[in-house]
Amino acid sequence: AQSVTQPDIHITVSEGASLELRCNYSYGATPYLFWYVQSPGQGLQLLLKYFSGDTLVQGIKGFEAEFKRSQSSFNLRKPSVHWSDAAEYFCAVGAPSGGSYIPTFGRGTSLIVHP
Amino acid sequence: NAGVTQTPKFRILKIGQSMTLQCTQDMNHNYMYWYRQDPGMGLKLIYYSVGAGITDKGEVPNGYNVSRSTTEDFPLRLELAAPSQTSVYFCASSYPRTGTYRSMNTEAFFGQGTRLTVV
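Top line first, the protein sequences correspond to chains A and B.
Read in our numbering, the first sequence has 109 at position 106, and its numbers run on one by one without any break.
Read in our numbering, the second sequence has 78 at position 75, and its numbers run on one by one without any break.
Just to be clear, a hint being listed does not mean it is correct.
Unchecked claim - Here are the computed distance ranges between Cβ atoms for each label pair:
#1 Ser87/B / Pro118/A: 35 to 45 Å
#2 Ile15/B / Ser83/A: 24 to 34 Å
#3 Asn68/B / Pro10/A: 16 to 26 Å
#4 Gln20/B / Lys71/A: 27 to 37 Å
#5 Gly19/A / Thr109/B: 14 to 24 Å
#6 Ser75/A / Tyr98/B: 42 to 52 Å
#7 Ser42/A / Ile15/B: 32 to 42 Å
Claimed, not checked - Anything over 12 Å on all C-beta distances counts as not near chain B; from chain A, calculated:
#8 Gln41
#9 Lys52
#10 Gly65
#11 Ser75
#12 His85
#13 Val116
#14 His117
Unchecked claim - With the Cβ distance kept under 10 Å, some of the chain A side facing chain B (calculated, not the full set):
#15 Gln9
#16 Tyr28
#17 Tyr30
#18 Gly31
#19 Ala89
Hints were generated in silico from the structure; no laboratory data involved.
Source: prediction; values computed, not measured.
Where is the CB? At the ideal position from N, CA and C, for every residue including glycine.
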């Protein structure tokens, strides 16, 4: 079965600074990978996804992520953080398992943005 | 296009009461899921369904039941509410593909959540 690790529970950055949120996955083949964002009291919104092809994926709101098979990682990056980026970020991996497709989520990273 | 709709948004239950969380999607997705979200724990899969008439347990199914009589609807039933079921519940749907059609996969689309408190 697949699993996801987000090693950072909280990340604090200053507005305008760069950001990298870490995500490591465990799966035997090429997985489907996602990053979601959740604002307080809201549902999850997809930032970007990787299914195949180019390993550098561009998403909404200026985010990007790079799939690195050798490191089993899919880290999320943004060159300049805005105060509105403060939210909870979830990495997820999906992979066929017994013929079913089941997204598995990490525990999340809370992003705090200082002015 | 409504996407995934969950009702109610908030609910307070007394211990031992029962209720059904409703979930409907209008995207003709074959896969649907129920997750619960607890602080610092991420999302845990309760049940999922790969199509009408087919359901299966996820990681934390105890205390819950589901049914999938139509493609659109996937209600979650709590029979005897317990304080441990206090959580935020999310319904989601997707249309996964494999092999040649892998690039046509959809991500999971989520509802806005139901905040349930059991007292």
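CB-CB spacing for Pro118/A and Ser87/B relative to the 35 to 45 Å hint: Check passed, 39 Å falls within 35 to 45 Å.
task: Report holds if the minimum CB distance from Lys52/A to chain B is greater than 12 Å, and violated otherwise.
output: 5 Å, violated
task: Can you let me know if the beta-carbon spacing of Ser75/A and Tyr98/B is within 42 to 52 Å?
output: 26 Å, violated
- prompt: Is the nearest CB of chain B more than 12 Å from the CB of Ser75/A?
  reply: Correct as stated: the minimum Cβ-Cβ distance to chain B is 18 Å, above 12 Å.
- prompt: Is it correct that the beta-carbon of Gly65/A has no partner in chain B closer than or equal to 12 Å?
  reply: 19 Å, holds
task: Starting from the hint 16 to 26 Å, judge whether the C-beta atoms of Asn68/B and Pro10/A obey it.
output: Given about 35 Å between the Cβ atoms, the range is violated.
message: I want to verify a distance hint. Is the separation of the beta carbons of Gln20/B and Lys71/A within 27 to 37 Å?
response: 49 Å, violated
message: Given Tyr30/A as an interface hint, is its Cβ closer than 10 Å to any Cβ of chain B?
response: Hint on Tyr30/A: violated, closest Cβ of chain B at ~14 Å, above 10 Å.
- prompt: Hey, does the Tyr28/A contact hint survive, CB to chain B under 10 Å?
  reply: Violated, about 13 Å.
field: Ile15/B versus Ser83/A beta-carbon gap, inside 24 to 34 Å or not
entry: 42 Å, violated
- prompt: Closest CB-CB distance from Gln41/A to chain B, is it above 12 Å?
  reply: Per Cβ check, Gln41/A is inside 12 Å of chain B; nearest 9 Å; violated.
query: Quick one, is the Ala89/A hint okay against chain B at 10 Å, beta carbons?
result: 17 Å, violated
Hints 2, 3, 4, 5, 6, 7, 8, 9, 16, 17, 18, 19 from the earlier list are contradicted by this structure; the remaining hints agree with it.
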